[in-house]
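Q: Produce the complete structure using the sequences and hints provided.
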Amino acid sequence: MDAIEVLGLVKVFGRGRSSTRALDGLDLTVRTGEVHGFLGPNGAGKSTTIRVLLGQLRSSGGSASVFGRNPWDDSVAIHRDLAYVPGDVSLWPNLSGGEIIDLLTRLRGGADAALRTRLLGDFQLDPTKKARSYSKGNRQKVALIAAFARRAELYVFDEPTSGLDPVMESVFRAEVERVTRDGATVLLSSHILSEVEQLCERVTIIRAGRTVESGTLASLRHLTRTSFHVGTAAAADDIARLPGVHDLATEAGQLVFDVDTDSMTGVLAALTAAGITSLTVTPPSLEELFLRHYGDPKPDAPAVPVDAR
Amino acid sequence: MIQLLALRIRRDRVILPIWIFGIALLLTASAASVSTTFGDEAGRRQILQLALATPALIALRGVPNGVELGSAVYFQVYAFLAVAVGLMNTFLATRHGRAEEERGQRELITAAPVRRMTPILSTIILGVGANLLLGVLSTAGFAAAGLPLGGSLVGAAALVAAGLAFLGVGLLASELTASSRAANSLGATLVLIAYALRGAGDALGTPDLDRLTLSAAWPSWLSPIGWGEQAFAFTADDLRPLTLSLALAVLTGGAALVIAARRDLGASLLPERRRPASAGRLLGSTLGLAWRLQWPSLLGWTVGAAVLGAVSGALANSVGSATFENSAINDVLQSLAHTSRDDVVTAFIAAIMSLVGILAAAAGLQAMLRLRDEETGGRAELLLSGPPRRGGWLLASAGVATASTTVVIVVTGLTAWAAFLAMREPGLGAQSIGQALVELPMAMVFVSIGAVALAVLPRISIAATWALFAIGVVIGLFGDLLQLPDAALEASPIRHVPTVPFPADDLGGAWADIGVLTAIAAALIAVATWAVQRRDLTA
Ligand SMILES: Nc1ncnc2c1ncn2[C@@H]1O[C@H](COP(=O)(O)OP(=O)(O)OP(=O)(O)O)[C@@H](O)[C@H]1O
Ligand SMILES: [Mg+2]
Numbered sequence: 001m002d003a004i005e006v007l008g009l010v011k012v013f014g015r016g017r018s019s020t021r022a023l024d025g026l027d028l029t030v031r032t033g034e035v036h037g038f039l040g041p042n043g044a045g046k047s048t049t050i051r052v053l054l055g056q057l058r059s060s061g062g063s064a065s066v067f068g069r070n071p072w073d074d075s076v077a078i079h080r081d082l083a084y085v086p087g088d089v090s091l092w093p094n095l096s097g098g099e100i101i102d103l104l105t106r107l108r109g110g111a112d113a114a115l116r117t118r119l120l121g122d123f124q125l126d127p128t129k130k131a132r133s134y135s136k137g138n139r140q141k142v143a144l145i146a147a148f149a150r151r152a153e154l155y156v157f158d159e160p161t162s163g164l165d166p167v168m169e170s171v172f173r174a175e176v177e178r179v180t181r182d183g184a185t186v187l188l189s190s191h192i193l194s195e196v197e198q199l200c201e202r203v204t205i206i207r208a209g210r211t212v213e214s215g216t217l218a219s220l221r222h223l224t225r226t227s228f229h230v231g232t233a234a235a236a237d238d239i240a241r242l243p244g245v246h247d248l249a250t251e252a253g254q255l256v257f258d259v260d261t262d263s264m265t266g267v268l269a270a271l272t273a274a275g276i277t278s279l280t281v282t283p284p285s286l287e288e289l290f291l292r293h294y295g296d297p298k299p300d301a302p303a304v305p306v307d308a309r
Numbered sequence: 001m002i003q004l005l006a007l008r009i010r011r012d013r014v015i016l017p018i019w020i021f022g023i024a025l026l027l028t029a030s031a032a033s034v035s036t037t038f039g040d041e042a043g044r045r046q047i048l049q050l051a052l053a054t055p056a057l058i059a060l061r062g063v064p065n066g067v068e069l070g071s072a073v074y075f076q077v078y079a080f081l082a083v084a085v086g087l088m089n090t091f092l093a094t095r096h097g098r099a100e101e102e103r104g105q106r107e108l109i110t111a112a113p114v115r116r117m118t119p120i121l122s123t124i125i126l127g128v129g130a131n132l133l134l135g136v137l138s139t140a141g142f143a144a145a146g147l148p149l150g151g152s153l154v155g156a157a158a159l160v161a162a163g164l165a166f167l168g169v170g171l172l173a174s175e176l177t178a179s180s181r182a183a184n185s186l187g188a189t190l191v192l193i194a195y196a197l198r199g200a201g202d203a204l205g206t207p208d209l210d211r212l213t214l215s216a217a218w219p220s221w222l223s224p225i226g227w228g229e230q231a232f233a234f235t236a237d238d239l240r241p242l243t244l245s246l247a248l249a250v251l252t253g254g255a256a257l258v259i260a261a262r263r264d265l266g267a268s269l270l271p272e273r274r275r276p277a278s279a280g281r282l283l284g285s286t287l288g289l290a291w292r293l294q295w296p297s298l299l300g301w302t303v304g305a306a307v308l309g310a311v312s313g314a315l316a317n318s319v320g321s322a323t324f325e326n327s328a329i330n331d332v333l334q335s336l337a338h339t340s341r342d343d344v345v346t347a348f349i350a351a352i353m354s355l356v357g358i359l360a361a362a363a364g365l366q367a368m369l370r371l372r373d374e375e376t377g378g379r380a381e382l383l384l385s386g387p388p389r390r391g392g393w394l395l396a397s398a399g400v401a402t403a404s405t406t407v408v409i410v411v412t413g414l415t416a417w418a419a420f421l422a423m424r425e426p427g428l429g430a431q432s433i434g435q436a437l438v439e440l441p442m443a444m445v446f447v448s449i450g451a452v453a454l455a456v457l458p459r460i461s462i463a464a465t466w467a468l469f470a471i472g473v474v475i476g477l478f479g480d481l482l483q484l485p486d487a488a489l490e491a492s493p494i495r496h497v498p499t500v501p502f503p504a505d506d507l508g509g510a511w512a513d514i515g516v517l518t519a520i521a522a523a524l525i526a527v528a529t530w531a532v533q534r535r536d537l538t539a
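Protein chains in written order, with UniProt numbering: chain D, 1 to 309; chain P, 1 to 539.
Here are the simulated SDA-like pairs of lysine to any residue, each with C-alpha atoms no more than 25 Å apart in a straight line:
#1 D:136 with D:162
#2 D:129 with P:107
#3 D:136 with D:124
#4 D:136 with P:116
#5 D:129 with D:170
#6 D:129 with P:185
#7 D:136 with D:106
#8 D:130 with P:106
#9 D:136 with P:99
#10 D:129 with P:282
#11 D:129 with P:288
It should be emphasised that the hints constitute simulated quantities derived from the structure, not laboratory data.
A: Rendered as structure tokens:
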């Protein structure tokens with residue numbers, strides 16, 4: 001069974017003319033045991049989807065299930081095995097960080113004391129300060145420690161590292177790797193692509209409340225183009241005429257162009273036949289994948305050329 | 001400066017007019033009502049004579065000064081209105097002071113090219129403007145009741161002066177405390193202390209029955225509300241005491257400016273203490289959390305309740321020992337207590353305990369409506385991502401709200417009982433406890449209305465509930481004075497609290513009232529628990 005199964009999810013806020021269709025037939029499948037990246041431009045509906053999965057918003061259509069249960073009706077059972085960290089953590093200003101960590105973990109059955117101590121050290125959090133005086137990053141650490149200090153089946157993170165420094169970000173990655181080694185499932189919404197590339201096996205990209213792409217990172221890379229910088233005797237026109245070659249230009253005596261991933265073999269064969277003096281091949285980055293989807297005027301419009309970097 | 005002031009005005013475009021017009025309206029209505037009810041001089045003379053012999057009434061209302069109509073109006077309305085004006089000002093100062101800073105808006109503002117002092121200066125301008133507008137409307141309100149213009153101006157000036165003093169106090173509170181909640185509590189407490197100080201000073205004053213006035217004892221001279229009373233609008237028209245208020249405004253406002261100029265953004269003069277690194281045993285459930293969040297406020301409410309209980313016990317005794325023809329004073333007490341008993345002490349106890357019930361309802365509502373802050377602040381999102389259900393979460397707060405209400409009522413009842421016991425009046429002590437306890441269902445009706453509002457109309461729940469509460473209180477306490485129709489009077493739960501001891505010929509009616517109020521409260525809380533479970537969390 002998949003940990004999360006969302007089909008055709010619709011969420012409309014408000015009524016009548018002032019209503020917003022935040023989710024418009026969204027699909028999302030998170031397999032048990034995987035780290036799933038959940039990506040999309042601002043306002044795409046990531047947080048809304050997560051709140052539906054947490055049973056905090058009621059869907060207006062479609063279906064959603066977590067561990068095979070309905071998140072709206074069965075929230076208590078789901079939440080016992082779930083840890084959540086919102087992107088913008090707000091805490092009780094008069095409680096200390098330590099008190100809040102204890103409160104949140106006790107609601108789920110209590111923290112693992114040794115784990116709690118280790119996490120406080122790793123995340124370098126002073127648990128005696130009132131939450132009022134914590135910085136944004138420190139507030140986020142409180143929620144992260146509360147999430148990690150007790151084992152959960154499913155971890156849901158909504159931009160969990162947006163306020164963390166790079167050292168803390170790496171602590172976060174290590175913790176995600178630890179919990180997945182233990183068999184937990186992670187849904188990670190993030191704008192930090194390096195984080196997603198490093199942690200996630202599969203990603204879902206959404207836009208305007210709809211899923212535009214979903215699959216393994218490798219399969220998604222397939223959908224983009226690899227850029228070539230080649231020193232070659234081949235004539236520019238000949239190369240430009242090859243199938244799958246785009247945006248050819250000459251820079252400092254080198255040919256610069258992008259190639260569809262499917263057409264790579266043919267292009268390489270042609271180049272080899274003509275002779276190669278230098279070759280730089282840049283694989284498609286997730287960022288390019290992103291820019292392509294984020295920048296599209298419509299999700300189903302034909303792919304536009306990727307900007308050369 | 002102009003933009004920032006415009007921003008502040010925009011933010012207050014609803015709340016401030018409600019305060020200003022609400023106060024002016026209350027003033028106009030009460031002034032008109034006093035003029036019609038006590039139109040003839042003989043009647044006023046009788047009322048004032050009796051009032052002067054009754055320290056309890058003096059403590060609630062203020063200092064009379066002669067038999068003139070204007071003076072009688074001023075005596076009736078000033079102290080109450082001054083409390084409202086004071087709260088309007090301290091809340092205003094916090095809203096644009098500590099609260100703005102807490103929400104991080106101050107950071108955005110000061111990052112723009114504005115001077116460090118511009119935010120607080122624009123708050124001062126807004127506050128002064130609001131008070132001046134209130135002054136104009138109040139002058140018109142007095143004058144509309146047919147009172148002379150000169151006295152109307154002085155009366156309005158006394159309100160404005162108190163308002164400015166409390167504006168300064170509020171600004172200073174924002175500089176001293178580290179959170180908007182603390183700033184609001186400090187400000188409101190100081191307003192109530194000012195009211196209580198003058199209450200004590202006036203009650204302890206020396207009456208002059210010939211000139212129908214009273215020379216207040218020293219505590220009144222420590223209070224901006226006391227200074228306003230001493231202006232004696234419509235008779236002495238003495239502006240000198242008001243300079244004390246203005247001096248206090250300058251002093252506190254100046255201190256706030258000095259601190260604001262020196263301190264870091266977000267810092268406060270009263271430092272934050274360290275907190276424990278791990279939670280106590282109670283803090284592990286929604287109920288534990290609700291209790292943990294509420295008990296510091298509850299402590300404040302309890303102290304207030306204890307003082308009120310002790311004072312009212314002591315005052316009731318002096319009412320009882322006053323030996324005079326007391327038919328007219330009884331009318332006044334009966335209208336305050338909305339009871340028809342002719343026994344002065346019983347009426348007095350009912351009147352005071354009715355205030356206690358209102359205080360208890362406010363304590364409960366504050367605990368209940370905290371839930372909305374939790375939701376808008378995003379803390380509910382974090383909490384409810386765990387196993388607790390929304391229904392249980394609301395119920396936990398309702399439980400703590402019930403406890404707060406009960407504590408306030410029981411503590412007041414007990415202290416009043418102790419006060420009577422000290423005066424060897426155990427019977428009256430028991431009666432006080434009884435009267436306090438029968439206020440509980442009424443207070444819980446207000447709390448349960450808050451719960452339903454939270455569940456059904458989350459976005460407007462806080463404003464709507466407090467507005468309904470205010471209307472209920474005004475109807476309950478001043479309905480007779482304002483000569484409202486019976487249907488309106490019946491709508492306030494306060495009107496349905498029976499008087500202890502229950503009349504022997506209508507025991508059933510008294511118990512029925514208690515039963516109906518209790519049933520309404522329980523039903524509304526059940527509805528709220530059910531309804532909150534089926535709505536979205538709405539930040
Ligand atoms: N309570 C609400 N009422 C009305 N509209 C809402 C509400 N919550 C979200 N929206 C709208 O729904 C859309 C999706 O918002 P959501 O917060 O899910 O985006 P997101 O993908 O998380 O964006 P970000 O990357 O900025 O966090 C937005 O257009 C937002 O304005
Ligand atoms: Mg979001």
